[in-house]
Amino acid sequence: MTVPVHLRHDETFILNLGPQHPATHGVLRVKLTLDGEYIVKAEPVLGYIHRMHEKLAEGGSFAQFMPNTARMDYLHALAFNHGWALVVEKAAGIEVPERAEYIRVITVELNRIASHLLWWAAFLLDLGGFTPLLYAFDDREKIIDLLERVTGSRLTYCYMRFGGVYNDIDDEFITGTRELIKRLRGRMPRLYHDLVTHNIILIKRIKDIGIITPEQCRRYGATGPVARGSGINYDIRKNEPYSVYPEFDFDVPVFDECDSMARYMVRMHEMEQSMRIIEQALEKLPDGPVMGKAPKVLKPEAGYYYSAVETARGSLGHRLVCDGGKNPYKLKLRSPTFSNLSLYGEVAEGMLLADALAFMGSLDLVIPEIDR
Amino acid sequence: MDMREKTQIALAALFPVEIKPTPSSSSEEDTVGAEVPPREPGVLVTDFPRCGSHLDVLCLTDQVVAVARLMDAEGYFLEAISGVDWIDKQQLEVLYDYNRLGGEHCRVMVRTFLPRAEPVVPSLSGIFPAADWHERETFDFYGVHFQGHPNLIRILLPEDADFHPLLKDFMP
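Those sequence lines, one after another, are chains A and B. One point on numbering: in our numbering, the residue at position 358 of the first sequence is 465, and numbering is uninterrupted. One point on numbering: in our numbering, the residue at position 75 of the second sequence is 77, and numbering is uninterrupted.
Chain A extracted, bound-state conformation:
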C-alpha cells in the first residue's frame, strides 16, 4: 500500500536506476528523485536502444521490413509480424487462405504463452524468487523448439508473408503442440499456482501495490493486461476481431483490483485462454494452401491505413501512409509498452522504491519495443 508521507523537497536526492540495471530488463533508465526510500518523482528516460525502424521502413520495400518487425518486441515477435502483414494486406487488398490464418493464430498464441512465461520468470526474479525461472524456462524452451520447427528461428521470427505464411506446419508440430498443452496444464496448478500464485510472500509484495485506475488507463492510453487488470474489458481480439479469432470460443480475463496482483492474474489466465484457442484451431485446422496470390512488387493505393493486433503487452498499431509507390511513405508503430510505461511516473509517485520495482515488473516492459 502506498503510504502517505510528508515529503520535504529539500531533503531529496537523485538516483539513476539503469540503464544497465537487472530490474529494468533491458536498457531503460529511470531518473528517480527520492526522499529516503520514498519516490518523489520518477522519470523514465528512453532511447538507449532506439534504432529508428520507422526510417528503415521508408527506405525499403514492404516485404523488406518484415524481418525488422521481429526485432522490436522480441518476446512476442509473431504478433508484430502479424500486425505488419495485416496492414499491408489491407492496403494492397491481398487475400489470405484459411489454413494460413489458422496457422497464424496457432503460432501467435504459442508465442504469447512463451512471452507470458518469460514475463512470469523475470517478474519473480525481480522479486527475489529464482526457482520459478527454471520452471518457466523449461516450458518456454518446448514452445521455442516448436516454433523453431515451423519458422526456422527461435526468437526473431520472419514467418509471415503478405498473403500467408512461409512454411506449413507438419504432424510432428501438431502432436508436439498437443503434448505441450497437456504438459502445461499438468504443471500449472502445482508448479505455477501452488508454488507462486498462492505464495504469501508474493501476495504481500504485489497485492495493493501499483494501483492504476481505469481512468488513468484511458488518459494514458494503456492497453493489454495493464488495462484488463484495471477492470477494462478491452482486447483487440474481441473488440476489433481480425484474422480468424471470431471463430474461437475464448474468454478475456478481466480483474477489477487495479493492482499488480490483478495484472499478474490476467496474464496467468491468458495463458489458459491461449491454450484453448490453440486447441480449437488445431481441431478445426482446414486443408489447403498456406500462401495466397500476392504480387511480387506491392504498390498499394495512396491513402491512410491502420491495423491493430493484440500482442502480449497490449494493442499494437501500425499506421501506414502510402503514396502509391513501392515503399511505405510513412509507417508509425504504436507500440503498447510505450503508452503503458508513460503512466509510470504518475503511479510511482509516493511509492517505496522496492514497491516501484515490483510495480515496474508488473507492467511487463520490453525495452526494444518502447524505443523501436
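Calculated from the structure, these hints are not laboratory results. A hint or two may mislead.
DMTMM-like, lysine to aspartate or glutamate: derived pairs with alpha carbons at most 20 Å apart [to be verified]:
| no. | chain 1 | residue 1 | chain 2 | residue 2 |
| --- | --- | --- | --- | --- |
| 1 | A | Lys-138 | B | Asp-90 |
| 2 | A | Lys-433 | B | Asp-90 |
| 3 | A | Lys-403 | B | Glu-161 |
Here are the computed distance ranges between Cβ atoms for each label pair [stated by the list, open to error]:
| no. | chain 1 | residue 1 | chain 2 | residue 2 | range |
| --- | --- | --- | --- | --- | --- |
| 4 | A | Asp-315 | B | Asp-171 | 48 to 58 Å |
| 5 | B | Glu-106 | A | Phe-244 | 39 to 49 Å |
| 6 | A | Glu-279 | B | His-147 | 32 to 42 Å |
| 7 | B | Ile-155 | A | Glu-248 | 35 to 45 Å |
We put the CB at the ideal spot given by N, CA and C, even for glycine.
Put chain B on the given structure of chain A with help from the hints.
Here is chain B on its own, set in the frame of chain A:
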C-alpha cells in the same frame, strides 16, 4: 444511433460545413503523389475494413484542441500521434489516432497540415497525458513544435542531436 454516428455528429458541429457523403474509392482526384486531402476541413466517413478507421477528420491547426476536448468528453483515448512529411507540398501533417477503450468500437483519425518551414501546433498534453510522450516523439522525429507542452525535449534520440531524422530530406 451507433458510436460512429454519435461522434460524427458531435465532431461535425465543430465544422461549419455539412457532412459529406462517403467518397467513392477513387473519385476524380488525381492519383499522382499522395491522396489529395479534402479541400475543406470536415468529417468524412471512411470504409473501416479497408482503411482501419471509421472517421477521417481534417481540421485546422487551431481546432486540434477543440477536437481533443470533444473526444475526451466522448470517452475516447489518444492512441498515437504521428507525423508525415509531405515534402513536395512543403507541408507537415500531424495525425492523431483516437480509439475507445472497450465498449462499442470506433476509430477516429484526426489530421492537420502545418507549413513545413514553421510547424507549430497546440499541445494536447493538458487534455490527454498520453500526448506528452507522443508529442515529444513527433518533435524528436519531425521537429514539430507543440505549443504549450510542458517538457518538449527529445525522447528517443540523444539529447544533443541536432537533426530530425524522419524528415524526407534528412540524410544520415
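Hints versus structure:
no.: 1; hint: A:Lys-138 with B:Asp-90; in the structure: 41 Å, violated
no.: 2; hint: A:Lys-433 with B:Asp-90; in the structure: 17 Å, holds
no.: 3; hint: A:Lys-403 with B:Glu-161; in the structure: 41 Å, violated
no.: 4; hint: A:Asp-315 with B:Asp-171: 48 to 58 Å; in the structure: 53 Å, holds
no.: 5; hint: B:Glu-106 with A:Phe-244: 39 to 49 Å; in the structure: 41 Å, holds
no.: 6; hint: A:Glu-279 with B:His-147: 32 to 42 Å; in the structure: 58 Å, violated
no.: 7; hint: B:Ile-155 with A:Glu-248: 35 to 45 Å; in the structure: 42 Å, holds
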